[in-house]
Amino acid sequence: MYGLGVLKGLWVTIKNFTLSYFTRKRLTTVQYPEERITLSEHARTFPILVYDESPDKLRCVACEICAKECPPKCISIVRAQDEAGKPLKQPKFFDIDYSVCMNCGICEEVCPFDSIYMDRQFELSAYERSEEFLYTKDRLAKSAEYFSKIRPETAKKVEEKRKAKEK
Amino acid sequence: MTLFQFLATTAFYAAMLGILIAAALCVTVRNLFHSAVFLAFTLIGIAMLYFFLQAEFIAAMQILLYVGAIMTLIVFAVMLTSRMGNPAVPQSFKNKKIVFLPLGLVGFILISAILKTPWETSEPQTAVNAVTLGKALMNQYVFPFEVVSLVLLVALIGAIVIARSE
Amino acid sequence: MNCPYLQNMDQQSTLDTQRLEVSLGPQHPSTHGVFQMDVVLDGEQVIRLKPVMGYLHRNHEKLMENMSWLACMPYTDRLDYFCALANNFSYALAVEKLAGIEVPERAQYLRVIMAELTRLINHIVLVGFLLNDLGAFFTPVLYAFREREKLLDLFEDVTGSRMMCNYFRFGGVKRDVPPDFILRVREIVNQFPKFLDELEELLTHNEILLSRCQNVGILPKALAVNAGITGPVLRASGIPYDIRKIDKYSIYGRFKFRVPVGEAGDVYDRYYVRILEMRESLQILEQAINEIPDGEVISKAGAQAAKMPRTLKVPKGDAYGRTEAPKGELGFYLVSDGSGKPYRYHVRAPSFINLTVLEDMCIGQKVADVIIILGSIDIVLGEVDR
Amino acid sequence: MLNTIDQIFIKAKQIILDILSPFLPEWMMILISIFIVIVTLCVFGPVVMMYLTLLERKFIGRMQNRYGPNRCGIFGLLQPLSDGIKMFTKEDIVPQKADPFAHFLGPITVIIPSLLVFSVIPFGRNMIPSDLSIGILFFFAVASTSTLWIFTAAWGSRNKFSLLGGMRAVAQMVSYEIPMLLSIVPALLVVGSFSTVAIVNAQEGLQWFVFTPWGLVGFILFFLTGVAEVNRCPFDLPEGESEIIAGFHTEYSGMKFALFYMAEYMNAFSVSALVTTVYLGGWQGPILPSWLWFFAKTFVLISIMMWFRGTFPRMRVDQLMGFAWRGLLPLAFINLLAAALWVHLSFPLNDILSFCILTVSVLMIYVANRKVAPKKRIYKYAYE
Chain A
1 MYGLGVLKGL WVTIKNFTLS YFTRKRLTTV QYPEERITLS EHARTFPILV YDESPDKLRC
61 VACEICAKEC PPKCISIVRA QDEAGKPLKQ PKFFDIDYSV CMNCGICEEV CPFDSIYMDR
121 QFELSAYERS EEFLYTKDRL AKSAEYFSKI RPETAKKVEE KRKAKEK
Chain B
168 MTLFQFLATT AFYAAMLGIL IAAALCVTVR NLFHSAVFLA FTLIGIAMLY FFLQAEFIAA
228 MQILLYVGAI MTLIVFAVML TSRMGNPAVP QSFKNKKIVF LPLGLVGFIL ISAILKTPWE
288 TSEPQTAVNA VTLGKALMNQ YVFPFEVVSL VLLVALIGAI VIARSE
Chain C
334 MNCPYLQNMD QQSTLDTQRL EVSLGPQHPS THGVFQMDVV LDGEQVIRLK PVMGYLHRNH
394 EKLMENMSWL ACMPYTDRLD YFCALANNFS YALAVEKLAG IEVPERAQYL RVIMAELTRL
454 INHIVLVGFL LNDLGAFFTP VLYAFREREK LLDLFEDVTG SRMMCNYFRF GGVKRDVPPD
514 FILRVREIVN QFPKFLDELE ELLTHNEILL SRCQNVGILP KALAVNAGIT GPVLRASGIP
574 YDIRKIDKYS IYGRFKFRVP VGEAGDVYDR YYVRILEMRE SLQILEQAIN EIPDGEVISK
634 AGAQAAKMPR TLKVPKGDAY GRTEAPKGEL GFYLVSDGSG KPYRYHVRAP SFINLTVLED
694 MCIGQKVADV IIILGSIDIV LGEVDR
Chain D
720 MLNTIDQIFI KAKQIILDIL SPFLPEWMMI LISIFIVIVT LCVFGPVVMM YLTLLERKFI
780 GRMQNRYGPN RCGIFGLLQP LSDGIKMFTK EDIVPQKADP FAHFLGPITV IIPSLLVFSV
840 IPFGRNMIPS DLSIGILFFF AVASTSTLWI FTAAWGSRNK FSLLGGMRAV AQMVSYEIPM
900 LLSIVPALLV VGSFSTVAIV NAQEGLQWFV FTPWGLVGFI LFFLTGVAEV NRCPFDLPEG
960 ESEIIAGFHT EYSGMKFALF YMAEYMNAFS VSALVTTVYL GGWQGPILPS WLWFFAKTFV
1020 LISIMMWFRG TFPRMRVDQL MGFAWRGLLP LAFINLLAAA LWVHLSFPLN DILSFCILTV
1080 SVLMIYVANR KVAPKKRIYK YAYE
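Residue numbers (the working numbering), protein chains in the order written: chain A, 1 to 167; chain B, 168 to 333; chain C, 334 to 719; chain D, 720 to 1103.
In short, the hints are calculated from the structure, not lab data.
A virtual CB, placed ideally from N, CA and C, is assigned to each residue, including glycine.
Fair warning: there could be bad hints in the mix.
Said to hold, decoys possible - Covered stretches of chain C (in silico footprint by chain A; criterion: 3 or more residues with CB under 8 Å from a CB of chain A, positions within the stretch not fixed): (1) 486-497; (2) 503-512; (3) 528-535; (4) 677-689; (5) 694-703.
Stated by the list, open to error - A few chain D residues that face chain A, going by a derived Cβ cut-off under 7 Å, partial list only: (6) M782; (7) N784; (8) F1018; (9) T1030.
Generate coordinates for the entire structure from the input sequences, incorporating the hints supplied.
Structure, rendered in structure tokens:
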């Protein structure tokens, strides 16, 4: 019959309207600032550097593998030197340009020293584009406890691997 | 002369003045489309006159037919003829001065004729409203009514024949 | 707007209204991105249409020539940003064919599951936006987005990001799936047909949709084949050409599924073929979940190449890997000169090639139809302009 | 007690007049009473429009499994206010090539008919702003001018999309005016006068015209053509967002756009008000006060219009015309015939006769348009 399809369409929308008052399935809005969706274990946004005891003793040894492998080349590292000019095993400068980084997670995979991991923080808006998004070493450094808080399983695996290596 | 009569007459004359201004603008303005819009304002002014004279049915018909239908037709005609690209269609009118001579002559004749004729201002016998008009149309004037509808029918068929040729 | 290309108009007949040159410009509410069509109209009828592209050209192919093989993978997500995993799939296949890397069983199944979930997302979003072009005030789109959110949350848990997944590696996938993955996919597979039935009830027999989409923008079979059209647009014109059935790449040979085919090749066929395809993808997902084995997720060589990308030795030569992406045949033609970087990297983008027949379909149609014909071809400008 | 609630607005006006009467001369009092009615209408119009927009956004929001505006005010009640402020503060851009006179004239002349039209709608028992003897005809006369003004706005903004929108608007409104007028004529035939108050009085108690066979068909006809006349979905071609951006009001921003927006919603309200007056018995209703009945029926009709907007895609221009000329117009003529027969014959016979005439004619129109109607298709599968 000619008009049936039109009526069925009307029936679907009014069904959705009435059901939206009863089941959450039909009302899927998450009121963002008040309610938040809990992100999963592997969710990744921007890279951070992990340190064990204090922020200036990073796990990173400035081997620059991640800088070479990063597709958009947003990591830049300068190796530290002691007074005699002998290169040391930690970075003097380590900054990532968050506005260039496309959070692909390759740096996390290729880092042999488990020092760079992907954080989950996405509310990073800023007024100024050039300086504020160029994250320097101290802004990138995050403690191991923070890391194990946001990513428990990976942190556990990394701990076992590091203990095995020390033995 | 209570205040109401004073208000009513001033409104009446104001409407007439509005019609005159709109009609003058409609003729003199350069942009074709503006003159069509001013024509619409004159027609609405005339409808307001009918309202003031309590001939509501005629006023409603005036608006419905003239402004609703005929003006739309005229505006369509204006849009389709003038080149859509440029805003104003150039009107070449070199010697404006000499036009006042015939204008003055015609004006004089008209005004003198108006002043001479004896306008008898008696009350209309039967209140003209929709019901009386309808009865008159169907009883006494049914023949002209049918002829007019025939003419409209012919016009309709003509339009379809022209449009169908595309 | 007197663009030079349209200046030499042929002589107008007497009764003709003046021709109207309209540019449905890059900023238009329903060109699915930055895409311009210079249309010559006679009243509402389209006389000539010239697509203008290139607004979103990001120099993708040249950029890849100084990236390592692995570094190209995250860029393939950005080609057709609606189905990132389908792009990863064909790029991974092309490199594996070139470098001769094997893929373990479990990874093959995971790849097929991910590809079919992406097909679901792409088709419901397309149906939603096609209805939005038709004028339905956002209702079908929001129903489609309600379902898409479930799938995107699943992608976030598995691959780490909702749309830019970067999950495939040469020789398998980046990381094993979380334990409840199979349960969640099964729940989606059970619940999706109910959503599709509701969407069909709202749309498929709606008289306004039927009269607006039937016999509009007809793509004849011969033209479709000659123009190299692939994907649902080709199948809607009546040619059963599906690369999953022809190449039987990866493990598609093991799954039993059908390929829907339309006959008139108009907008309605393209719409309905996609809905039937979604039902077929659900069949594939059903069989894939039941048969998925355990085991490692990436081969020895693959893991080593992922960990140390420099060590991936791709021998000299060229290869062309293609898969049935939701929009058509997405192929990667890679030439390697033995160094760590691809010498030549070309993407056969289905949207770009399907767009070439836009003018033939739009001549003689109304302005309103041009928009839905463009919508029914399902183009994404990231893939068209690369 | 009930009667006082029913006449509460008239009493309020009387109280105001009584307070003022000792201070002002007698002729001024008449002016003031007219002035009160005009002020209430001019305030009532925009306020109804503001809260109609909110009702529409929440209603369609819920249809789409989301909330709809709930940030300004408790349930988003201040949202129309914030929209209004936004419209005030937005810059009012006049395109450089646009024709300033027509561009400026557009919104003003579009808003006048939608406000004038309120004067003939009976909101409650003897609560009609001006009881014209030609109420319905006045409504259509004023509503039909809006075609011209919409075209002025389209032509004035000198933009190809608004030109297309303007052409579509004129074609659509002209071709839907005829079935709209014809669908009203049966009610006038039965009542015998144009005045809206007479029409409502003729539908005493629960004898609404919609329960008679010709009334039902007339109601559906009048509602559909009303939706088309007001340019709402599924007939919203003049401002087809997806095709011609925003149709005739593409080049308008700021307060001018707000006037167009307000005119659209006020027209929607006045058309549904007229449908309730003519076919759903205006303010006639058993217990509740008269104006409550009137507003309840009107809001039911408006929510049906919003329901349409949340569900249907848009019709194409030629289908829209075909639907009007091939579908609604013949039905309107036959409905007129059925109503004439209904009036002429006595009770049992007239209902049956007009009912079968109408069903036969609906089937005939359906068969006549069979060729045009789209067909359902079955799809084959390769690789079985």
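Cross-check of the supplied hints:
1. 486-497: Satisfied; 8 residues make the cut.
2. 503-512: holds (count 3)
3. 528-535: Per the Cβ count (3), the hint holds.
4. 677-689: Coverage by chain A is violated for the region 677-689 of chain C (0 residues, Cβ < 8 Å).
5. 694-703: Answer violated; 0 residues pass the 8 Å Cβ test.
6. M782: Constraint on M782 of chain D satisfied, holds at 5 Å.
7. N784: holds, 5 Å
8. F1018: With a minimum Cβ separation of about 15 Å from chain A (threshold 7 Å), the hint on F1018 of chain D is violated.
9. T1030: Hint holds; T1030 of chain D Cβ to chain A Cβ min 5 Å, cut 7 Å.
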